[in-house]
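Q: With the hints as constraints, model all of the structure from the sequences given.
As you go down the protein sequences, you meet chains V and H in turn.
Taking the numbering used here, the leading residue of the first sequence gets 1, the next gets one more, and so forth.
Taking the numbering used here, the leading residue of the second sequence gets 1, the next gets one more, and so forth.
If you are wondering where the hints come from, they were derived from the structure by calculation, not from laboratory data.
Computed from a predicted model, the values in this text were never measured in an experiment.
Some clues are possibly wrong.
Claimed, not checked - Just some of the chain H residues that point at chain V, by a computed CB distance under 7 Å:
#	residue
1	11
2	13
3	14
4	29
5	30
6	42
7	44
8	46
9	48
10	70
11	81
For each residue, glycine too, the CB sits at the ideal point set by N, CA and C.
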Amino acid sequence: MPNLQDIKRRINSVKSTQKITKAMKMVAAAKLRRAQESIIKARPYAHRMRDLVNNLATRAELDLHPLLGKGDEQGPVGLLIVTGDRGLCGAFNSNIVQRALLAANTEKEAGREVQLTMVGRKGAELLARRYGSLHATYDGVMDRSPFEEAGQIVSEMARGFTVGEVGEVFCIYNEFKSAISQTVTVERLLPFEPEPIKEGTAVIDYLYEPSSTAVFDTLLTRHLQIQMHRILFESAASEHGARMTAMDSATTNAGEMIDRLTLQYNRARQDAITTQLIEVVSGSEAL
Amino acid sequence: MADGNIIVELFAPGHDPVRLDAAAVMVPGAAGVFTVLPGHTSLLSNITPGVLIAQQADGESEFYAVHGGFAEVMDDRVTVLTDLLEHGATLDKARAEAAQEKARARIRKAHERQEFAAAEAALARATARLQAHAREEY
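A: Spelled out as structure tokens, the structure:
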């Protein structure tokens, strides 16, 4: 049986851990609320942009711009994996890494080369250990200016696609559903997906102003940047949600542990008193 | 197709989408302002900082300052994706005027091409805001 001093120390240590997890939970909740607001406001614009570009891919002549290219479904595949920079958020990072490994291995078995690009320090560490070489890593993205960073990430990706280094680009990230639920989502960023043409409708190309090249140049790069920006926000909101849930259960667990240890402490104290009493009683009887 | 209304939808990051019914829409395209009436052909245009005017059938108009982006016209539906969207009535006139002054001063002092371009863009934004606020027709 551990002595009283030991139990007391453990109780205090668990209590201070609980204080930390509680504080982290509050911080995550506050950040989540802000992140949730920004993702909800960012979605309509980003989704409409995606519809517009897909629509464009249906109508426009695909050889008008390198980014409109059909890609190569057998060629090398680029995987863009978005994780968090920090840990202590439950299965958030490992879920993504697992999904990424699965995707990478499936593509490899199909005989395709795989190029991994990581956003987020935590996932990069995990994946570098379990997979090996990474094409590029970005970290601290949300701490700096996410919009500029999104632009950099996609411009490297677009370059790879236009020179034929990769035939397709997929993004794997956590899509924000609610504070307690995030879904790992795989989304194809490049090539764009032309919408299926409804039967009996004529497909007419747009008129472009000032010119098709000018519109494509700005629209397509802008579109990629916006989508990346949205994905970064989805992932950030998911991370805060995951951290809040994880820290909430950590706080509950710590509470249970304190209760158990307190019970143990009281029992040990009672035992000690009983032993002392017996000693006193048997001592006086012996006189 | 030639009669009825046009549906105008305005989107900007961080802004709730705006949906309007209009009889005619004036859009500040990169190749000049164009007016969309029902039955307009499909069009995709870059837009510059300027004022978007949605004229309702009863003669009333809504003024929005838009700051660059894209406009899509298809099937009597105008979709505008802009970087920044501001409703004319909610704009702060004094602030826009100050910004316009500041941008003009910067243009006069600008030496490098980049500096000049940034100042010009700022001036265009401030002017668009003022026009939207003043409900200035094209």
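Q: Can you verify the interface hint for residue 44 of chain H: is its Cβ closer than 7 Å to any Cβ in chain V?
A: holds, 4 Å
Q: Against chain V, is residue 42 of chain H within 7 Å by beta-carbon distance?
A: With a closest approach of 5 Å, the residue 42 of chain H hint holds.
Q: Would the hint on residue 14 of chain H be counted as holding, given a Cβ-Cβ threshold of 7 Å to chain V?
A: holds, 5 Å
Q: Let me know if the C-beta of residue 48 of chain H comes in closer than 7 Å to any C-beta of chain V, holds or violated.
A: violated, 10 Å
Q: Restraint: residue 81 of chain H near chain V, CB-CB cut 7 Å. Satisfied or not?
A: Where the cut-off is 7 Å and the nearest Cβ of chain V is about 6 Å from residue 81 of chain H, the hint holds.
Q: Can the hint on residue 46 of chain H be confirmed by a CB-to-CB distance to chain V that is less than 7 Å?
A: holds, 6 Å
Q: Please check whether residue 11 of chain H passes as an interface residue: C-beta within 7 Å of a C-beta belonging to chain V.
A: At about 4 Å, which falls below the 7 Å cut-off, the nearest Cβ of chain V leaves the hint on residue 11 of chain H intact, so it holds.
Q: Does the closest beta carbon of chain V sit nearer than 7 Å to the beta carbon of residue 13 of chain H?
A: holds, 5 Å
Q: Let's test the interface hint: is any C-beta of chain V closer than 7 Å to that of residue 29 of chain H?
A: holds, 5 Å
Q: Taking 7 Å as the limit, does the beta-carbon of residue 30 of chain H come near enough to a beta-carbon in chain V?
A: Constraint on residue 30 of chain H satisfied, holds at 5 Å.
Q: Double-check residue 70 of chain H for me: the hint is only fine if its C-beta lies closer than 7 Å to a C-beta in chain V.
A: holds, 6 Å
In this structure, only the earlier hint numbered 9 is contradicted, and the remaining ones agree with it.
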